Amino acid sequence: MIEVKNLTKEFKISKKQKGFLGSVKGLFKREHTIKRALDNVSFTINDGDIVGYLGPNGAGKSTTIKIMCGILTPTSGECTINNMIPWKDRVTFVKDIGVVFGQRSQLWWDVPVIDSFYLLKDIYKIPEDVFKSQLEILTKQLDLADIINVPLRQLSLGQKMKCELAGSLLHRPKILFLDEPTIGLDATSKLKVREFIKQINKELGITVILTTHDMNDIEALTNKIIIIGKGQLLFNGSFDEIKHKYKNYRTIEIEFEKEYDEIKLDGFEFIKKEGRIQTFKTAKKDFKIADFVVELSKKYKVIDVQVESISLEEIISKMFEELGV
Amino acid sequence: MLYFKYFKMNLKKIAQYRLSLLLSLIAQTLTASMALLTIYFLFDRFKIVQGWTFQQVSLSYAVVYLCFSFTECFFRGIDHFALLVKTGQLDGFLVKPRGVLTQALSCEVEFSKLGRILVGIVVLIYSCYIQPFVWTPLKITVLLLMLICGVVMFLALFLIGASVSIFTVEGIEAMNILTDGGRELCQYPVNIYGKFVQNLFTYIIPFACFNYLPMMFIFDMPNVTLFGNILAPLYGMLFFIPAYLLFRFALKKYTSTGS
Chain S
1 MIEVKNLTKE
11 FKISKKQKGF
21 LGSVKGLFKR
31 EHTIKRALDN
41 VSFTINDGDI
51 VGYLGPNGAG
61 KSTTIKIMCG
71 ILTPTSGECT
81 INNMIPWKDR
91 VTFVKDIGVV
101 FGQRSQLWWD
111 VPVIDSFYLL
121 KDIYKIPEDV
131 FKSQLEILTK
141 QLDLADIINV
151 PLRQLSLGQK
161 MKCELAGSLL
171 HRPKILFLDE
181 PTIGLDATSK
191 LKVREFIKQI
201 NKELGITVIL
211 TTHDMNDIEA
221 LTNKIIIIGK
231 GQLLFNGSFD
241 EIKHKYKNYR
251 TIEIEFEKEY
261 DEIKLDGFEF
271 IKKEGRIQTF
281 KTAKKDFKIA
291 DFVVELSKKY
301 KVIDVQVESI
311 SLEEIISKMF
321 EELGV
Chain H
1 MLYFKYFKMN
11 LKKIAQYRLS
21 LLLSLIAQTL
31 TASMALLTIY
41 FLFDRFKIVQ
51 GWTFQQVSLS
61 YAVVYLCFSF
71 TECFFRGIDH
81 FALLVKTGQL
91 DGFLVKPRGV
101 LTQALSCEVE
111 FSKLGRILVG
121 IVVLIYSCYI
131 QPFVWTPLKI
141 TVLLLMLICG
151 VVMFLALFLI
161 GASVSIFTVE
171 GIEAMNILTD
181 GGRELCQYPV
191 NIYGKFVQNL
201 FTYIIPFACF
211 NYLPMMFIFD
221 MPNVTLFGNI
231 LAPLYGMLFF
241 IPAYLLFRFA
251 LKKYTSTGS
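Read top to bottom, the protein sequences are chains S and H. Those letters in the first sequence? Residues 1 to 325, per the numbering used here, in order. Those letters in the second sequence? Residues 1 to 259, per the numbering used here, in order.
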């Protein structure tokens, strides 16, 4: 169980002064501005959840993750994970977590992956039998048998990510932090990684907290979303909840028999026109496609109408827009 | 011990680049030998500098050189600490259930510096051999103490450098003045310098504790005392304590600012 309460983190940023004299002055006296990276953020995450942690760049995502991993201490507020305070009980606490930071690796670049795993075994003091069985399980699930004896540098991005995941799970953590686990991966690798994350969550009951910019990750994996922007909590709830809230937002694409000028429709926002096809957006609550087509056909010759509900991506950018993030 | 597990990894790593290792080993050995030759020729000409004979200076030089090379070779990670911060490796250390210092000390071995160690050992053996006095067991013990103290001292300096690199990125070059400059200066007995440098390297950064002071005993100089000279390397090692405290403080700062 992860409990975050009124978490606030402020950074002091020293202003750089211009010119040579400025930098000399800066050696003795610095001006600071205070930046609030996290502002009173509270949420709870239950054991066994898969949580998507979202927000634009610079929203405070990695600050939160770093606090939860015990790397950073907050300015104020509480964070209790499995009855421990990460930054206070660091050494005991980190035994229970696995961390994969997107593009930086905890495996050795020039050395066969298996050797890195053995080093992790020593770092975490994993008993021989536990290590053996865990390694066997992970090798099977992630299909590592062929790549485990190859130096990391010779592996593809997807293979590397699979090895990173295995490396972070050798010590059987209860919580797994994933920072952009699918970034840069091809479609098949993405699916594999997602499938694996789901599997370890289901079979081993590992709580997963992941940051990502890939909305498909979120849709495929998470049962809970936390969204922050400008250091503030914007949303905390299930994926369905968020979809429900924005379910009236639709994109409508109409194909006409011939090319018309921009059509003005009441309650619809014109988006674009490509030849005979025009696109609109609406947030009408009582939108009924049949009525809409009938009404439209009175004035124009319509061939096809396609209605799409708003995508999660759009929902989130809409949220940021509304909140002025 | 974790250090040796890391050491094994480092060995496997260089096994991938044997030729490159060999070449840099040769290069390192050559440069180190050149530096030595300069001193040799200098003394060949002037025989005595500020009352110190060639034999004496060569011993002082060998001890400092060997200690520095040893530390630089086997504890490269702490010397490279700024890089660990920059690449985020430090964050990786912080999410492992081991001490940050242990991991930083263990993580990197710079095998190409073995060339320097080799030169250091050769010079040390040679300079022990050419001394005009007889090596008593006590003198050998003091010499060994000097070597240990020297390594600890350079470790402490690297630790201070590591701490400074957390506080300010621009501070790194300034730190090199202390480590590399300190090494260069104290290769010679400190009393050839002015009062200020002497005091700096005796009381602030106690380099003198592992060469000048105990060496006075080894060279049978007058006015040598047990506590003032023979045991000096032991005091020198105490320098590690404030350095470690500073490092702890710097780490605390890192975890509150993340940079």
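There's no promise every hint is true.
[Said to hold, decoys possible] Think about it this way: if two alpha-carbon atoms lie no more than 30 Å apart in a straight line, the pair counts; the simulated BS3-like pairs of lysine-lysine are:
1. K95(S) - K8(H)
2. K230(S) - K202(S)
3. K88(S) - K47(H)
4. K139(H) - K95(S)
5. K47(H) - K174(S)
6. K125(S) - K252(H)
7. K252(H) - K5(S)
8. K95(S) - K13(H)
9. K252(H) - K140(S)
10. K12(H) - K88(S)
11. K139(H) - K121(S)
12. K284(S) - K243(S)
13. K13(H) - K88(S)
14. K174(S) - K86(H)
15. K12(S) - K253(H)
16. K12(S) - K12(H)
17. K253(H) - K140(S)
18. K96(H) - K5(S)
Hints listed in this document are in silico derivations from the structure and should not be mistaken for laboratory results. Nothing here was measured: the structure is a model prediction, and the numbers come from that model.
Evaluated hints:
Annotation: proposed proximity of K95(S) to K8(H) holds, straight-line Cα distance about 23 Å (limit 30 Å). Between K230(S) and K202(S) the CA atoms are separated by roughly 33 Å; this puts the pair beyond 30 Å, and the hint is violated. Restraint check for K88(S) and K47(H): the C-alpha separation of about 61 Å exceeds 30 Å, so the hint is violated. Note on K139(H) and K95(S): the hinted pairing is violated, with a Cα-Cα distance of about 48 Å set against a maximum of 30 Å.
With a CA separation close to 70 Å, the supplied pair K47(H) and K174(S) exceeds the 30 Å bound. Of the pairs offered as hints, the one joining K125(S) and K252(H) holds, with about 25 Å between alpha carbons and a cut-off of 30 Å not exceeded. Between the alpha carbons of K252(H) and K5(S) the distance comes to roughly 22 Å, so the proposed pair stays at or under 30 Å and holds. Among the hinted pairs, K95(S) with K13(H) is consistent with the structure: their alpha-carbon atoms are about 27 Å apart, no more than 30 Å.
Taken as a hint, the K252(H) and K140(S) pair is broken in the structure, with Cα atoms around 41 Å apart against an allowance of 30 Å. For the hint pairing K12(H) with K88(S), the CA-to-CA distance comes to about 36 Å; that exceeds 30 Å, so the pair is violated. This hinted pair does not check out: K139(H) and K121(S) have alpha carbons roughly 44 Å apart, beyond 30 Å. Straight-line distance between C-alpha atoms of K284(S) and K243(S) comes to about 15 Å, which keeps the hinted pair within the 30 Å bound.
Of the supplied pair hints, the one linking K13(H) and K88(S) is violated, its CA atoms being roughly 35 Å apart against a limit of 30 Å. Between the alpha carbons of K174(S) and K86(H) the distance comes to roughly 29 Å, so the proposed pair stays at or under 30 Å and holds. This hinted pair checks out: K12(S) and K253(H) have alpha carbons roughly 12 Å apart, not beyond 30 Å. Between the alpha carbons of K12(S) and K12(H) the distance comes to roughly 42 Å, so the proposed pair goes past 30 Å and is violated.
Between the alpha carbons of K253(H) and K140(S) the distance comes to roughly 42 Å, so the proposed pair goes past 30 Å and is violated. Pair hint K96(H) plus K5(S) holds up; C-alpha atoms about 25 Å apart against a cutoff of 30 Å.
Figure legend: structure checked against the earlier numbered hints; hints not met, in rising order: 2, 3, 4, 5, 9, 10, 11, 13, 16, 17.
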